[in-house]
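Chemist: Start from the sequences, fold in the hints, and give me the full structure.
2 protein chains.
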Amino acid sequence: MHLELVTIGTELLLGFTVDTNSAFVGQALAAAGIRVIRRTSVPDDAGAVREAVRDALGRSRLVLTTGGLGPTRDDLSKHAVSELYGLPLEFHQDIWDELAERWARMGRKLGERNRGQAEVPRGALVLKNRWGTAPGLWITGDLGEVIMLPGVPTEMKGLLTHEVVPRLAARAGASVVRSRVVRTTGIPESTLAERVSDLEDALGPLTLAYLPGLEGVDLRLTAWETSPGAADATLEAAAGNLEARLGDHAYGRDEDDLAAVLLEACRERGLTLAVAESCTGGLVGTRLTEVPGSSAVFVGGMICYADALKRELGVPERILLEHGAVSAETVTAMARAARERFGTSIAAAVSGIAGPDGGSVEKPVGTVWFGFADARGVETAHYVFPGSRHDIRARAAQFALLGLLRRAKSAGA
Amino acid sequence: MHLELVTIGTELLLGFTVDTNSAFVGQALAAAGIRVIRRTSVPDDAGAVREAVRDALGRSRLVLTTGGLGPTRDDLSKHAVSELYGLPLEFHQDIWDELAERWARMGRKLGERNRGQAEVPRGALVLKNRWGTAPGLWITGDLGEVIMLPGVPTEMKGLLTHEVVPRLAARAGASVVRSRVVRTTGIPESTLAERVSDLEDALGPLTLAYLPGLEGVDLRLTAWETSPGAADATLEAAAGNLEARLGDHAYGRDEDDLAAVLLEACRERGLTLAVAESCTGGLVGTRLTEVPGSSAVFVGGMICYADALKRELGVPERILLEHGAVSAETVTAMARAARERFGTSIAAAVSGIAGPDGGSVEKPVGTVWFGFADARGVETAHYVFPGSRHDIRARAAQFALLGLLRRAKSAGA
Chain W
-3 MHLELVTIGT
7 ELLLGFTVDT
17 NSAFVGQALA
27 AAGIRVIRRT
37 SVPDDAGAVR
47 EAVRDALGRS
57 RLVLTTGGLG
67 PTRDDLSKHA
77 VSELYGLPLE
87 FHQDIWDELA
97 ERWARMGRKL
107 GERNRGQAEV
117 PRGALVLKNR
127 WGTAPGLWIT
137 GDLGEVIMLP
147 GVPTEMKGLL
157 THEVVPRLAA
167 RAGASVVRSR
177 VVRTTGIPES
187 TLAERVSDLE
197 DALGPLTLAY
207 LPGLEGVDLR
217 LTAWETSPGA
227 ADATLEAAAG
237 NLEARLGDHA
247 YGRDEDDLAA
257 VLLEACRERG
267 LTLAVAESCT
277 GGLVGTRLTE
287 VPGSSAVFVG
297 GMICYADALK
307 RELGVPERIL
317 LEHGAVSAET
327 VTAMARAARE
337 RFGTSIAAAV
347 SGIAGPDGGS
357 VEKPVGTVWF
367 GFADARGVET
377 AHYVFPGSRH
387 DIRARAAQFA
397 LLGLLRRAKS
407 AGA
Chain E
-3 MHLELVTIGT
7 ELLLGFTVDT
17 NSAFVGQALA
27 AAGIRVIRRT
37 SVPDDAGAVR
47 EAVRDALGRS
57 RLVLTTGGLG
67 PTRDDLSKHA
77 VSELYGLPLE
87 FHQDIWDELA
97 ERWARMGRKL
107 GERNRGQAEV
117 PRGALVLKNR
127 WGTAPGLWIT
137 GDLGEVIMLP
147 GVPTEMKGLL
157 THEVVPRLAA
167 RAGASVVRSR
177 VVRTTGIPES
187 TLAERVSDLE
197 DALGPLTLAY
207 LPGLEGVDLR
217 LTAWETSPGA
227 ADATLEAAAG
237 NLEARLGDHA
247 YGRDEDDLAA
257 VLLEACRERG
267 LTLAVAESCT
277 GGLVGTRLTE
287 VPGSSAVFVG
297 GMICYADALK
307 RELGVPERIL
317 LEHGAVSAET
327 VTAMARAARE
337 RFGTSIAAAV
347 SGIAGPDGGS
357 VEKPVGTVWF
367 GFADARGVET
377 AHYVFPGSRH
387 DIRARAAQFA
397 LLGLLRRAKS
407 AGA
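Heads up: the sequence lines are chains W and E, in that order.
With our numbering as the guide, the letters of the first sequence map in order to residues -3 to 409.
With our numbering as the guide, the letters of the second sequence map in order to residues -3 to 409.
You can take every hint at face value.
So the derived list for chain E, only partly shown, Cβ under 7 Å to chain W, looks like this: (1) 15; (2) 16; (3) 32; (4) 278; (5) 297.
Because the hints were derived from the structure by calculation, they are not lab data.
Glycine residues also receive a C-beta, built at the ideal position from the N, C-alpha and C atoms.
Modeler: Listed below in structure tokens is the structure:
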């Protein structure tokens, strides 16, 4: 089973927006056994949209469009496709009422601008948009089928995942491509490649891709098989081998987030967490609280960006003067103070030089010290992370989470 | 002047690779006055490539392709296009010699597999690739022109910038496209559209695009003009009109970040900042400390995710019991305590229900209270933000920054 994708937006062609939607659509459909065989991107222009959809239907009979469904006047996909099918637009009171109610709950009032969002080409299936205002549309006719989704990524993803993929997957045949990701952190790509080199030689029909990012290197295994069961079995065996080889560097699978893995490990062991953050400025807390339900484990902590707040937390003036804010002694005092003051099982402290200024020969930009305190004492570590200010902070937050995870696992062992 | 882009690669359609090449091409060509009017992406399949290039030539006479020129894919694109033009491939000894020499310098030997990279369709212009092995090709014939570049980003960018853009720009004449973004926040897209509706009608040759995101709506103005000076003047006038209409909702231009704008406003006025974050869990601190040099203004603060830490900060038990953690009373006490304890000019407090659980009829998921304390007292505000947990937190952090900016400006006024 295959379809063509038409993405609509002048921004995409001017290059002001990177087309991440297409990658999401490609992956989500491939996982369900549906191949995107062509993608066409056209500007916000009714003629161009109509022509692209018509040509795609002519070739493939099934077309998915993204973009051009919002309330502003540069949104025109619905009109272009309705015209192509010769369908009048009909106002749906129920869509309007629901929209009005939702806005009312947020203390806002719908304007005339939004009226068009309740208009639907006659006979089209309406896909309810719980993530935004413009519903998705599924139009069927002599020309074939067009599924229209908004271009806003959260709305497109929600509708695709919950409304489109299940309907198409039910129709798709048996040939599937599946992939599984083994997520690693705290180990450089080249070291990783050396360590799994012999496993890689023995992969057989699978492919292995190294995907390095700020939070570590993802290893993606991909299998093209005749059945989901066969694909899953092959992938499972290969992923298990990689994980056994990589020890605690392999912290999860697929979309697993290290913060969520850590929180779960703590919950199982009845442990609580606090942080004291200097150079990360709240990023470790942000990562932890991004996970729903984190409040059962994470109590909070302090952002001690200025030295005055490190003193306020409980770092002795003498330590800051003698060793500096970026030192083993300071992170030890920060971690210990945070743990005692906030009454948690474990506390992490982070202090470093994120740059671009503030580096020296002894402590270059990228130098970050970590302290992990629990009932047994404080353990420290330090790294010099590469990259920009943003990169250094992201890598430091990820390492803080890995250090907490190691501490949590050994505490509970 | 315009062209069509054809990007070649199965991984693009499967979504394993995000198509950042297209964005680069769009921007680089637009800056030189050349519009990409359509982009087609096809898999590594000779028939699909031939058909896509043929159709694109039929519409536009000028086509740029990326991908399918490397040694591993058997020069699929080159064969497909040569066949389309009816041109034989000819072996170029000079390309081969240069390739062999380069490889020898790296201590490697060319294999038979690389021989195809020295083959060129008869009469094609060879674009020397200093960034890799496969040269670019520029084929001219009755069907029109095809410019073929490799898909590896560094090679594609090098060839496009140094070999393609100068040749096309020379033909494009004086026409340039420039754009300017007015960044807004705290105002929904449809309200924004109504408020600037009359300005939009009077835009003349400019186009206006609404780009909604979690941090607000960007308004992108684009001008196609005969000179950079003319474009800048038109854009400046239109951007100024939008800003005058939108007041403090328009906080910056282009890549401006609200956190950076806030920090600069504070620096000018000698103000310092602290935060007390509950549902954002450190995200406001993260936004502020992402900006280099933020330590001159931002001292840090507390992540009071658990109520115990709100009490530790200084929120009376009675307030938490009587009004709950998500209330005007609690954020007032949080903001006041943070300001006093950390000794800053202004402090912001954020407490809300980010979901997915924890909502009620009175306080649905998305409800967030804000407190802003300065020497004059505490001001509060609350919103019900739409979207996922991630969205709600991102919107809340952005609103906290906007509230701080308003407070900073009025303090200094």
